[in-house]
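Position in the sequence shown (from 1) plus 813 gives the number in the working numbering.
Treat the hints with care, since some could be wrong.
[What the hints assert, rightly or not] Below are the EDC-like pairs computed for lysine to aspartate or glutamate, each with C-alpha atoms no more than 20 Å apart in a straight line:
| hint | residue 1 | residue 2 |
| --- | --- | --- |
| 1 | Lys906 | Glu867 |
| 2 | Lys998 | Glu1012 |
| 3 | Lys998 | Asp977 |
| 4 | Lys906 | Asp894 |
| 5 | Lys1003 | Asp977 |
| 6 | Lys1003 | Asp1020 |
| 7 | Lys889 | Glu867 |
| 8 | Lys1003 | Asp993 |
| 9 | Lys1003 | Glu969 |
| 10 | Lys889 | Asp1020 |
| 11 | Lys998 | Glu975 |
| 12 | Lys889 | Asp878 |
| 13 | Lys998 | Asp962 |
| 14 | Lys906 | Glu945 |
| 15 | Lys889 | Glu1023 |
| 16 | Lys943 | Asp977 |
| 17 | Lys906 | Glu873 |
| 18 | Lys906 | Asp878 |
| 19 | Lys889 | Asp858 |
| 20 | Lys943 | Glu969 |
| 21 | Lys943 | Asp993 |
| 22 | Lys1003 | Glu945 |
| 23 | Lys998 | Glu969 |
| 24 | Lys943 | Asp894 |
Hints in this document: simulated from the structure, not taken from any laboratory.
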Amino acid sequence: MKGEFYLWGSFVLLTIALSAWVFPAIANSASEFRQRGLALRAQGDSGGAIGAFEQAIQLEPQNLDNQLLLGWTVYKAGDRDRAAQVLSQVTAKNPFAVNAWNALGIVDLVSGNVHSSVGSHLWATMLNPKNEVAHYNLSLALTRLQVFDRAIAHGEVATRLEPDNPHTWLALAIAQAATDSNQAKQHYRKAMALNPGLENPDIRAIDLQEAGFSPEQIQQVQALTQR
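Working from the sequences, and respecting the hints, build out all of it.
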């Protein structure tokens, strides 16, 4: 009898050990779902990450970080409309959430809602004047609206806050191209020195699209190479 209990106990322990190895621990809390979502997103599984973040929100609806993670992941998965909806809900619940305003502003900028993007990023700079993300995107957005003086001003702030980022220099370059081509060319050279790979037009086009440049702005950067 003792032998049977011993064997059964050993079997149970072995089963638990194998289950933990074969099947990842089942998430039971919002925190666990959030961590699972982050891990899945890092692995490139956007669908799985979105599902995990949705579970985290159900378990912890008051935690806006879960909604922010969901909104950004949905955006990276290509659903800009839903991303804007989720992120707008976050900013409505907490108007002081700088990261949420940054994310919403980026989604709007990439979606072509430039005026909305400007509004979000201006508010984000008021909340944090050293917000390099907002200043950078304001430079891009205001250049699209041809408000070049303000685009240059925000671009200059972005380059001071993030001097090693070639994108800030290229944003400033195209903002200045209409009024000071020599200065624009210098900023372009600075960006190329920081990332020589951007001299390849194919690589540059993909990289700048991911960095929020519109097709027209990518062409403006291309024009700087020919001056």
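Quiz item: Hints broken by the structure, by number, lowest first?
Solution: 14, 21 and 24
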